[in-house]
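Colleague: Listed below are the residues making up each chain.
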Amino acid sequence: MTDIMGGAITYTPSIIANQLVSNINTDQTEQAALEEQVSTGNAVNQPSDDPAAAAQILQINAGLARSQQYSTNATDGLGWLSLGNSTMNQILSALQSAQQAVLSTSGTQLTGNPNAIQSLATQVKSVLKEVTQLANTQYGNQAIFAGTGNVTTAYDANGNYVGGGSAPTRTVGPGQQIPVSVTGPAVFGTGTTGLLSTTPGNLGVLAQIASDLSTGTTASLTQVSTTDLQNLQSAISQVENQAAVLGANYQQMQAFQQQATGTQQALQSELSGIQSANLPQAVTQLSQVQNSYQDALWATSKVTQDSLVQFLS
Amino acid sequence: MGNLGLSIAASGLDAQQAVMDTISQNLANASTTGYVSENANITTLPGGDALGIGGGAQVGTVTQASDGLLQANASQTSGALAQVTALQQVLTSAQAVFPEPGSNGISAQLSSFWQAWDTLAQNPSDSAGGAQVVDLAQNLTTALSQASGQLTQLQDSAQSQLGSVVGQTNTTLAQVAELNTQIVAAKGSGADPNALIDQQNRLLSTLATSIGAVSSTADNGSATVRVGGITLVQGSFADTLQVSGAPGSMAITSASSGAALPTTGGNASGLLAAINQYLPSYQSQLNAVANNLASTVNTQLAAGYTATGASGAANPLFTGTGATGLTVNPAVAANSQLIAASGTSALPDATNDGSNAQAMANLYDAPGGPDLTYQAFIQSLGTQVQTTNNQVQAQTSVANAAQANLQAVVGVDPNQQMVQMLATQQAFQASAQLIQTVSTMMQSLLTAV
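Top line first, the protein sequences correspond to chains W and Z.
In terms of our numbering, the first sequence opens at residue 1 and continues consecutively.
In terms of our numbering, the second sequence opens at residue 314 and continues consecutively.
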């Protein structure tokens with residue numbers, strides 16, 4: 001306070017009272033701010049507490065929400081991929097049983113045993129049916145091998161692909177999109193080298209084997225054990241390749257999920273670093289302010305008592 | 314000799330009694346607002362005695378303590394404090410419109426909105442995902458328009474507050490002019506004008522806090538009130554003020570000259586700053602966030618296609634502009650299948666494609682996008698409130714100090730009054746003693762005769 005008069009200032013009771021009231025108000029404001037900090041545990045309760053920190057908190061919160069979403073996306077993707085993997089395993093074991101059946105025809109002992117041949121044909125047909133069903137496996141209500149082109153169905157009753165587009169992807173990190181499936185044609189092939197077609201004149205591998213077995217001639221049985229078997233084996237290896245792709249994607253997805261969790265933790269700790277009140281400090285300050293508030297109140301209660309008036313009688 | 318001594322002592326008693334009366338008046342008004350400490354000036358009475366002995370003492374005038382510089386300083390600082398306090402009240406209310414950082418603010422709603430696009434991308438054919446996007450978009454438009462509405466309410470209440478400040482100021486201006494006439498008349502007729510001057514001081518300090526008026530008092534006691542060179546009261550003339558113009562260029566104008574008051578202090582100045590500058594700026598920044606949101610979302614939608622391969626350009630999610638005008642396209646709200654989630658128009662590929670929805674979700678931190686625009690707005694709002702808070706704090710100490718300096722001169726200090734009372738009492742007793750002594754002297758003379 002600068003003394004404009006240049007001499008000692010006279011403090012009248014009204015000046016002292018005004019200043020005490022002003023001090024009490026200041027103490028009360030500070031006390032309220034500190035109490036808010038202690039009760040919420042947050043140092044920034046409104047933008048004016050620390051504008052730059054407030055903006056940063058908003059940004060971190062948005063980043064946190066985003067990385068939580070990455071994690072959710074990855075969980076969804078892992079669901080797709082693990083269903084895809086188990087479906088692939090079922091398909092492979094079904095195909096392997098068909099392969100066993102085909103291999104058992106390689107000797108000529110079956111010629112002239114129509115019942116045995118027919119039973120093999122039936123077995124291959126049931127494998128075809130099973131694989132076609134597996135090809136329409138749904139996650140939720142979405143066909144996993146249909147790409148983006150069809151919601152519920154990848155293959156129709158004749159084993160024709162009715163899906164389209166590429167495999168759906170999930171965003172699991174900034175700019176990171178991982179396919180959560182593979183498309184039907186990539187797994188099952190197409191046309192005569194594909195597994196599933198039952199359209200006459202354009203039979204797929206399994207239907208061709210069943211048909212050749214049903215024909216039952218030496219020539220057709222030879223066809224089964226040579227060309228058909230080769231086609232089946234290459235189809236199996238194609239399925240195996242795609243199963244490997246799904247497996248690799250699964251691992252990648254898991255890695256990104258962990259990364260998202262790590263990012264969340266980092267953001268959380270950054271957030272609490274900015275947002276959290278330093279409680280020991282806030283509590284200490286609060287008790288200091290409370291003390292000075294009480295002192296101010298005490299001084300106020302004494303304000304009019306000490307005067308010359310008391311000593312004149 | 315006896316007569317002269319007695320009459321001098323009698324004049325002393327009278328003078329000391331007048332001083333006692335003044336002290337009594339001062340003590341009685343020790344806590345009266347606007348009361349200025351009075352001082353009885355005792356002068357000597359010229360005597361007719363050939364020896365040059367004076368004729369005693371008399372109370373010449375009862376004057377009021379005053380210091381023009383301190384008075385002006387106190388007025389100016391209280392006007393400055395009133396200005397930042399008025400602004401602080403409006404800005405704090407404006408800040409409360411945006412509960413940030415928190416889980417209910419627009420920022421959190423934007424995050425939820427972007428997350429909904431991810432959910433949609435996971436299952437584009439499921440109508441629930443689209444419906445959620447529409448719901449959250451509607452929440453956002455509601456939140457934006459509510460915030461804008463609250464800012465408008467603040468604007469309205471600041472304007473009506475300004476109106477009432479101006480109304481009260483007009484009454485005060487008229488009262489000051491009236492007092493001018495009375496004070497000049499009282500001084501002219503030799504009546505005591507001090508009570509009127511106290512009242513005048515009180516009104517002048519009201520004018521300092523309401524419109525930042527600067528006043529000066531002439532020797533005849535008449536006060537002149539000015540705001541930035543425009544005279545509002547002079548002698549018996551009092552101008553009236555009115556509010557004119559629209560928010561953005563609102564001003565207080567003089568009714569007589571039509572000139573706008575260049576206010577730099579007082580409540581009115583703080584309110585005008587809020588009305589013309591701060592609140593419109595918040596409103597326009599909020600509008601910018603709304604428009605940014607609409608253009609960001611609609612542009613991304615236009616790059617995508619619906620499940621049937623139709624371009625998203627035909628069905629924007631947001632229509633209208635500004636925080637209050639922004640709405641969710643009713644066509645999309647009624648049929649969320651119109652949301653262009655697919656990144657391709659080829660069929661059947663688009664049937665269950667969610668790549669455009671994924672691209673949308675990634676816009677949450679788009680440079681110059683709605684989120685960053687909003688964050689920048691909150692930061693600037695927070696900075697302005699913080700600055701105003703600091704100004705109020707600083708200005709409070711300055712105004713308190715100025716007030717203390719002034720009070721030290723014009724206020725009543727009971728201790729000082731008591732000391733003066735003792736001195737006066739002693740002088741009174743001394744004069745009384747003198748009368749008794751003269752009387753004793755006369756008696757002994759009479760006895761001797």
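Just so you know, not all the hints are guaranteed correct.
To give an idea of the chain Z side of the interface with chain W (calculated C-beta under 10 Å), a few residues [what the hints assert, rightly or not]:
#, residue
1, E351
2, N352
3, N354
4, I355
5, T356
6, T357
7, T465
8, G635
9, G667
10, Y677
11, L685
12, Q692
13, V698
14, N718
15, Q720
These are computed hints drawn from the structure, not numbers from a lab.
Every residue, glycine too, gets a C-beta built ideally from N, C-alpha and C.
Colleague: What are the numbers of the hints that this structure violates, sorted from low to high?
Modeller: 1, 2, 3, 4, 5, 6, 7 and 8
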